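*Asks:* So you can see what is in the structure, the chains are spelled out below.
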Amino acid sequence: MIIHVRLRDSDADIETWYTAQTDKSKAVRDAIRAYVRLQNGASQEAVIKDAVIAAMGGELARLPNLVAGAVRDALANYQLRPAQEQAAPGDEDPELAARLDAQLDEFFKD
Amino acid sequence: MTETLAIDIGYGYTKGMTGKAQTLIPSMVGPAEAIRFESDVIAENGKGIALEVNGRAFFVGEQAEVQSASASQTLDVTRTGSIEQKALFYAVASDLVRTTTDDIAVVTGLPVLDFDDRHKADLRAMLQGEHTVRRTGKHTRCFNVEGVHVVPQAMGSLFALVLDKRGKLIDGDLAGGRVGIIDVGTLTTNYVLVDRLRYVETGSDSITTGMAEMLQKVAKDLKREHDLDWGLQLSKVDQAVRDRSTPVKGVPVNIAGIVNPHIEALADTIVSRARTLWGGAADLMAVVLTGGGSLELASYIRKAYTHTRTVGGDPQFANVTGYLRAGLRRFG
Chain G
28 MIIHVRLRDS DADIETWYTA QTDKSKAVRD AIRAYVRLQN GASQEAVIKD AVIAAMGGEL
88 ARLPNLVAGA VRDALANYQL RPAQEQAAPG DEDPELAARL DAQLDEFFKD
Chain V
-5 MTETLAIDIG YGYTKGMTGK AQTLIPSMVG PAEAIRFESD VIAENGKGIA LEVNGRAFFV
55 GEQAEVQSAS ASQTLDVTRT GSIEQKALFY AVASDLVRTT TDDIAVVTGL PVLDFDDRHK
115 ADLRAMLQGE HTVRRTGKHT RCFNVEGVHV VPQAMGSLFA LVLDKRGKLI DGDLAGGRVG
175 IIDVGTLTTN YVLVDRLRYV ETGSDSITTG MAEMLQKVAK DLKREHDLDW GLQLSKVDQA
235 VRDRSTPVKG VPVNIAGIVN PHIEALADTI VSRARTLWGG AADLMAVVLT GGGSLELASY
295 IRKAYTHTRT VGGDPQFANV TGYLRAGLRR FG
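Top line first, the protein sequences correspond to chains G and V. When we follow the numbering used here, the leftmost residue of the first sequence carries the number 28, and every step to the right adds one. When we follow the numbering used here, the leftmost residue of the second sequence carries the number -5, and every step to the right adds one.
Just so you know, these hints were derived from the structure itself, not from any lab. It is possible that part of the hints are untrue.
[Stated by the list, open to error] Label-pair restraints from in silico Cβ distances:
{"no.": "1", "chain 1": "V", "residue 1": "-5", "chain 2": "G", "residue 2": "43", "range": "53 to 61 Å"}
{"no.": "2", "chain 1": "G", "residue 1": "133", "chain 2": "V", "residue 2": "97", "range": "22 to 30 Å"}
{"no.": "3", "chain 1": "V", "residue 1": "124", "chain 2": "G", "residue 2": "129", "range": "30 to 38 Å"}
{"no.": "4", "chain 1": "G", "residue 1": "78", "chain 2": "V", "residue 2": "171", "range": "53 to 61 Å"}
{"no.": "5", "chain 1": "G", "residue 1": "79", "chain 2": "V", "residue 2": "167", "range": "46 to 54 Å"}
On a predicted model such as this, the values are computed, not experimentally measured, just so you know. Cβ coordinates follow ideal geometry from the N, Cα and C atoms, glycine included.
Work out the full structure, taking the sequences as your base and the hints as a guide.
*Replies:* Below, the structure written as structure tokens:
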């Protein structure tokens, strides 16, 4: 079911909130559920807490993409090469790594 | 678990590093009995290093410099395996080794000229085995050095450039090419040639020329022109050289005219030996300049070798940083 709302002229604050919602239908449903819970005796604190957890869950899920995007932008701006900065075992050139380890074997032998 | 301790014992300074901390101590060692009255002061204010080596008491670092001029900066600190070197090792260990640590792997370096079996054996004899470090004002440390691993000194700087903090290979450019390393120390300059991370002995050498020679010449000129008698206080001359200025009778005097020709002459000597080893270095990916004197000399060396690179951060720590990274790659 899709819920539509009609706003009055005096509801400017609600309109601002409503306009900012990406999923307007879900946002209105959540608001109505919260109102119903309050009417049924749930505390305001419990309702707000659940809303914050729900909102953060969405944000946290997006966090890796947000961070990766920001890092990509920063590296592009500074013309750095991510391959050199994000060292991981798999990134080593196997031939060079073998030469290095052979050299360390010679240096480190007792 | 075995902890890796990297140590670089130089004539000017001794540098130590673990994965958690680092320290730098002037390489000056004096017998404590000559300045016994100072021990109470040290215990009170925590400054200076007083410790025991093989049953004898020593002052190390600034306290030895201030209190024991005749015994302070002697060539003994460069004699591989000497008791003075052991005092420097204990000073570093008392700063960096945790009281709960039992086993240590030491990674250190020798000048290219001394990189032979005899000197390595002397170094191992001094470092390997059980140690009890008693230092005034600190908890006693008891640990076992289970391995001593030695590399040519300047190799540390290359390891610092091509390995990350955990010892993983990150710089494919330098690692994949031929690289010449010039390590300008206080008394000696080391040249190391590396071909795709392999040490090439025939292109490596040491000369007994370093920053001290230049500082002595500057000290002589400062005495002649400004009556500053700093021949035995090279740390003061060093500071004046860095500043290109020094106060004379309370007034700052520009000494660039004195300093620059001596630095240029030192650079000429260093480049001259490099040319006999590497020619114009056209086949080298880079010439890496490192060591305490590298910042002063870089602009002059770059005139001869335009592909000169300096190491990032404090170049005094470049070798010990590389020793640690190599050790962490090996021992985790």
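*Asks:* Evaluate each hint against the coordinates.
*Replies:* Hints versus structure:
1. -5/V to 43/G: 53 to 61 Å: Given range 53 to 61 Å: holds, Cβ gap about 58 Å.
2. 133/G to 97/V: 22 to 30 Å: holds, 23 Å
3. 124/V to 129/G: 30 to 38 Å: With a Cβ separation near 32 Å, residue 124/V and residue 129/G satisfy 30 to 38 Å, so the hint holds.
4. 78/G to 171/V: 53 to 61 Å: holds, 59 Å
5. 79/G to 167/V: 46 to 54 Å: Taking Cβ atoms as reference, residue 79/G and residue 167/V lie about 49 Å apart, which means the hint holds.
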